[in-house]
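Student: When you get a sec, could you build the whole thing from the sequences and use the hints?
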Amino acid sequence: MRSIRILAAVTGVLSFFAATAQPIGKSSYEMKIQAGAEKLAEKDYYNALDQYETAYEESQDKALTPIIADIHYQLRDYEKAERWYSRLFQRDKKDEFVLKRLDYGRILKMNGKYELAIAEFKTFIEASTDEKMKELAQSEIAGCEMAAVMPENAKGVKVESLGKNINTGFSEYAPAITPDGNSLYLTIFEETKEAITIDDKNKDTWHAKIYKAGKEKEGWAKPTALDVKINRPGFHSVNVSFSPDGKRMYFTRAELSGNVLGTGKIFMSEGGDGNWTAPNEVQGVNGTFISKDPAVGELFGKEVLFFVSNMEGGEGGFDLYYATHKGGGVYADPVNLGPKINTPADEITPHYLDGTLYFSSTGHPGIGGLDVFFSVWDGSTWSEPKNMGKPYNTSVDDFDFYIDKEGYNGFLTSNRPGGSRSIHGKTCCDDIYGFNIARLYADLVVGIFDESKKALTGATVELVEMTNEMRGATESKTAGEKGNRLDFGLGLEKPYMIVARKEGYYPDSTRINTVGLKDSKTFEHRFFLKAKPVPPEYDTITIENPIVLENILYDYDKDVIKKEAESDLTVVQELMTQYPDMKIELGSHTDNRGNDAYNVDLSQRRAESARRWLVRNGVARERIEAKGYGETVPKTVTAKFATQFPFLKVGDVLTEEYINKLANDEQKEAAHAINRRTEFKITAGPTSITIKSTRLRKQPEVKPQPKGKNALVKAPVVSAARVGVDTVKISDWSSLARRKNKSSIKGVPVMQFSKRYVDFGKVKKGEKRYHTYEFVNRGTVDLVIETATACECTTVDYSTKPVKPGQKGFIKIVFDSTEKEVNETIDIDILLANNEPETGNPIMEMLRFTYDLVKK
Numbered sequence: 000m001r002s003i004r005i006l007a008a009v010t011g012v013l014s015f016f017a018a019t020a021q022p023i024g025k026s027s028y029e030m031k032i033q034a035g036a037e038k039l040a041e042k043d044y045y046n047a048l049d050q051y052e053t054a055y056e057e058s059q060d061k062a063l064t065p066i067i068a069d070i071h072y073q074l075r076d077y078e079k080a081e082r083w084y085s086r087l088f089q090r091d092k093k094d095e096f097v098l099k100r101l102d103y104g105r106i107l108k109m110n111g112k113y114e115l116a117i118a119e120f121k122t123f124i125e126a127s128t129d130e131k132m133k134e135l136a137q138s139e140i141a142g143c144e145m146a147a148v149m150p151e152n153a154k155g156v157k158v159e160s161l162g163k164n165i166n167t168g169f170s171e172y173a174p175a176i177t178p179d180g181n182s183l184y185l186t187i188f189e190e191t192k193e194a195i196t197i198d199d200k201n202k203d204t205w206h207a208k209i210y211k212a213g214k215e216k217e218g219w220a221k222p223t224a225l226d227v228k229i230n231r232p233g234f235h236s237v238n239v240s241f242s243p244d245g246k247r248m249y250f251t252r253a254e255l256s257g258n259v260l261g262t263g264k265i266f267m268s269e270g271g272d273g274n275w276t277a278p279n280e281v282q283g284v285n286g287t288f289i290s291k292d293p294a295v296g297e298l299f300g301k302e303v304l305f306f307v308s309n310m311e312g313g314e315g316g317f318d319l320y321y322a323t324h325k326g327g328g329v330y331a332d333p334v335n336l337g338p339k340i341n342t343p344a345d346e347i348t349p350h351y352l353d354g355t356l357y358f359s360s361t362g363h364p365g366i367g368g369l370d371v372f373f374s375v376w377d378g379s380t381w382s383e384p385k386n387m388g389k390p391y392n393t394s395v396d397d398f399d400f401y402i403d404k405e406g407y408n409g410f411l412t413s414n415r416p417g418g419s420r421s422i423h424g425k426t427c428c429d430d431i432y433g434f435n436i437a438r439l440y441a442d443l444v445v446g447i448f449d450e451s452k453k454a455l456t457g458a459t460v461e462l463v464e465m466t467n468e469m470r471g472a473t474e475s476k477t478a479g480e481k482g483n484r485l486d487f488g489l490g491l492e493k494p495y496m497i498v499a500r501k502e503g504y505y506p507d508s509t510r511i512n513t514v515g516l517k518d519s520k521t522f523e524h525r526f527f528l529k530a531k532p533v534p535p536e537y538d539t540i541t542i543e544n545p546i547v548l549e550n551i552l553y554d555y556d557k558d559v560i561k562k563e564a565e566s567d568l569t570v571v572q573e574l575m576t577q578y579p580d581m582k583i584e585l586g587s588h589t590d591n592r593g594n595d596a597y598n599v600d601l602s603q604r605r606a607e608s609a610r611r612w613l614v615r616n617g618v619a620r621e622r623i624e625a626k627g628y629g630e631t632v633p634k635t636v637t638a639k640f641a642t643q644f645p646f647l648k649v650g651d652v653l654t655e656e657y658i659n660k661l662a663n664d665e666q667k668e669a670a671h672a673i674n675r676r677t678e679f680k681i682t683a684g685p686t687s688i689t690i691k692s693t694r695l696r697k698q699p700e701v702k703p704q705p706k707g708k709n710a711l712v713k714a715p716v717v718s719a720a721r722v723g724v725d726t727v728k729i730s731d732w733s734s735l736a737r738r739k740n741k742s743s744i745k746g747v748p749v750m751q752f753s754k755r756y757v758d759f760g761k762v763k764k765g766e767k768r769y770h771t772y773e774f775v776n777r778g779t780v781d782l783v784i785e786t787a788t789a790c791e792c793t794t795v796d797y798s799t800k801p802v803k804p805g806q807k808g809f810i811k812i813v814f815d816s817t818e819k820e821v822n823e824t825i826d827i828d829i830l831l832a833n834n835e836p837e838t839g840n841p842i843m844e845m846l847r848f849t850y851d852l853v854k855k
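Numbering of the sequence shown is given in numbering that gives the first Met the number 0, commencing with residue 0 and proceeding in unit increments.
Hints listed in this document are in silico derivations from the structure and should not be mistaken for laboratory results. Among the clues, some could well be false.
Below, a list of computed lysine-lysine pairs in the DSS-like style, where the Cα atoms sit at most 27 Å apart [said to hold, decoys possible]: (1) 803 x 562; (2) 481 x 389; (3) 660 x 562; (4) 476 x 425; (5) 79 x 121; (6) 157 x 221.
With beta-carbon atoms standing in for the labels, derived distance ranges [stated by the list, open to error]: (7) 765 x 582: 53 to 61 Å; (8) 453 x 331: 13 to 21 Å; (9) 849 x 765: 15 to 23 Å; (10) 144 x 377: 25 to 33 Å; (11) 512 x 288: 53 to 61 Å; (12) 85 x 214: 40 to 48 Å; (13) 736 x 626: 39 to 47 Å.
For clarity, every value in this text was computed on a predicted model and none was experimentally measured. C-beta atoms are modelled at their ideal positions from N, C-alpha and C, and glycine is treated no differently.
Tutor: Right under this line is the structure:
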């Protein structure tokens with residue numbers, strides 16, 4: 000970043016056209032280096048860059064790398080500067096250029112690479128002995144850390160370019176509005192028809208001028224230059240400020256020595272908009288130093304002029320001063336605003352409004368190069384400057400902040416990407432942006448935590464605008480690895496769904512709406528995400544503790560070992576070989592359906608069948624006891640089964656009485672299937688062994704079992720032909736209803752509920768209501784529910800396993816009216832892991848219930 004902001008763009012434009020008018024002839028490497036050095040000394044950066052890059056192409060001289068990197072930095076081409084600095088440090092094995100890491104860190108910062116920038120600043124601090132520069136590097140680190148947690152949007156603020164009438168491919172800056180609000184004054188360049196060279200005697204035909212644009216119905220008219228009384232030929236006229244009554248105009252008039260800012264003085268003209276007199280130099284604020292950026296304000300009940308100067312005795316670089324108006328264009332001696340405002344770096348472009356001073360600085364912690372700050376005057380002292388935040392500030396340069404007397408509209412200057420077409424790179428040149436602060440606004444702050452209330456970093460939050468209960472515009476943001484906060488701007492009169500996700504955690508969602516807001520509001524919501532269970536890498540098997548062999552399944556009324564059972568029996572056989580003194584029991588269990596004696600006999604035959612397989616494979620028969628338990632030992636639910644089936648709790652015993660009380664047939668069939676099992680346990684030998692969990696993990700079945708008593712019963716499956724692929728009705732409460740071809744269900748699951756809306760009727764305060772919404776997947780692919788949520792008053796349970804086409808699933812709710820005060824209708828939002836093929840957006844479904852509250 001160039002330290003002298005006032006005419007940086009001017010010198011860049013001048014150099015650019017000089018470069019285009021001076022084609023490089025065939026000269027030796029030495030001549031190019033000499034020519035480049037001369038242009039660099041004149042700060043003719045474009046010509047210098049042309050000479051040095053040509054010399055580098057011819058010679059590949061590594062000594063030119065830091066010079067070219069620096070020039071790209073001066074020209075604010077941060078991407079190219081980063082590449083050249085990176086090349087420099089890759090070759091700098093002896094740390095000869097370690098002090099250049101301060102500039103490299105700033106470039107990374109302006110490219111938005113804050114973590115990398117911090118590392119460079121720390122390297123610089125370790126190597127430097129200059130305490131002031133180390134202080135600046137610490138400030139840069141603070142700015143980078145601030146950027147990581149800074150909200151993306153200030154409340155109700157919208158920043159937009161002023162458009163093509165104002166912004167061009169050159170630089171436009173220093174906006175100011177006349178007190179009546181009808182005219183915009185700004186600084187831009189006057190273009191001549193012929194390019195000039197740097198040595199042209201007429202080079203002063205390129206200079207900055209003050210322009211004025213009239214207000215139109217929408218935006219601003221094309222600006223026109225003020226007359227020669229203000230824009231004196233041969234000088235650069237810039238940075239306008241008006242007195243409160245609009246009858247005095249202050250501005251800076253400057254001269255260049257070569258391409259270097261040599262002098263800068265503040266002038267004043269009187270008369271009013273469109274009728275300005277010849278200006279006079281302001282007495283008391285000018286001298287043999289540079290004075291610029293005037294801004295009229297008030298301190299101690301008197302009119303003052305804030306301005307910028309590099310006069311001796313300051314804090315370093317350009318500082319902010321004020322001088323009290325004595326009258327008639329005469330001011331008292333300048334007063335430095337002190338170290339609370341000024342830093343060893345640069346503070347520029349002040350603007351004062353109602354006790355608040357706005358300015359830009361490279362010395363206070365910021366998120367970019369020049370950031371906008373404000374400080375409040377309490378009648379005797381200034382408050383600590385505060386960063387204005389985003390979107391006023393970006394990772395590049397933001398300055399010339401101006402806000403009108405009402406405090407809702409204003410302007411700033413920035414070289415942020417996305418402005419008008421630039422001459423030399425997307426961040427080389429400045430544009431003027433307007434901003435508007437909404438009088439009524441709504442925004443959202445989301446925090447992500449785990450169940451223990453510890454911050455979860457790196458989570459993603461999706462803000463979904465709901466239109467007639469259908470999914471509309473969607474905005475998604477992901478927090479950085481050091482943050483758990485995300486900020487969103489909200490539209491007015493709109494309902495929203497918020498969905499939070501993080502890998503390894505169950506997602507969650509909630510709803511808010513901005514309908515009927517009378518006052519501005521910041522919505523806040525904290526998600527406490529539940530961690531998904533992580534299967535242990537190893538299981539410990541202890542003596543007399545049975546382990547389920549998940550893959551040992553049998554055909555109905557058969558005791559023959561199936562092919563898929565051999566994987567588990569092979570593991571047991573290997574363990575028996577590994578532990579030759581180990582003895583085991585193979586126990587087989589059935590569900591509680593069927594004759595007791597028959598079940599015991601069948602389970603005994605199945606246990607013996609498993610033993611025979613092991614004996615055939617080399618295990619001594621006397622080391623294996625085969626025992627059939629029938630239905631006498633129902634399974635006790637473990638953490639593993641509770642995770643797989645949320646309707647079960649750890650410690651539940653799956654007795655016949657327990658199973659009969661389950662909510663639906665699907666839950667009952669699942670419980671019966673858990674009871675039908677073959678287990679082995681150590682009865683002698685080692686007291687415990689460790690085995691990798693995946694060795695006994697359930698494998699895919701070869702084919703479905705036939706139906707019947709004691710078979711592994713599945714939920715009924717309906718073929719796609721029976722479903723009617725092209726005739727299934729999509730509910731209006733499904734996001735699939737918005738598809739262009741919503742009659743087709745190819746490639747999507749379809750939740751067909753027997754009932755989506757339930758009326759609980761009269762509910763006494765404090766009572767609970769229970770309901771299970773049952774559905775069938777009428778689609779053509781497996782359906783997976785990612786999350787289902789309602790209000791805090793309602794707990795939601797749902798099927799976690801994939802629901803195949805034709806299979807049944809459920810959504811079970813428990814509504815607690817304890818905290819309720821009024822009648823309500825409550826929505827249940829279902830987010831599927833399945834996406835709509837056309838848009839890639841998650842499929843969303845909705846259920847609803849209502850109640851009439853009866854207070855005691």
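Student: If a hint holds in the structure, say so; if it doesn't, say that too.
Tutor: Hints, verified against the model:
no., hint, in the structure
1, 803 x 562, "24 Å, holds"
2, 481 x 389, "18 Å, holds"
3, 660 x 562, "35 Å, violated"
4, 476 x 425, "25 Å, holds"
5, 79 x 121, "23 Å, holds"
6, 157 x 221, "23 Å, holds"
7, 765 x 582: 53 to 61 Å, "57 Å, holds"
8, 453 x 331: 13 to 21 Å, "57 Å, violated"
9, 849 x 765: 15 to 23 Å, "18 Å, holds"
10, 144 x 377: 25 to 33 Å, "28 Å, holds"
11, 512 x 288: 53 to 61 Å, "58 Å, holds"
12, 85 x 214: 40 to 48 Å, "47 Å, holds"
13, 736 x 626: 39 to 47 Å, "56 Å, violated"
Figure legend: structure checked against the earlier numbered hints; hints not met, in rising order: 3, 8, 13.
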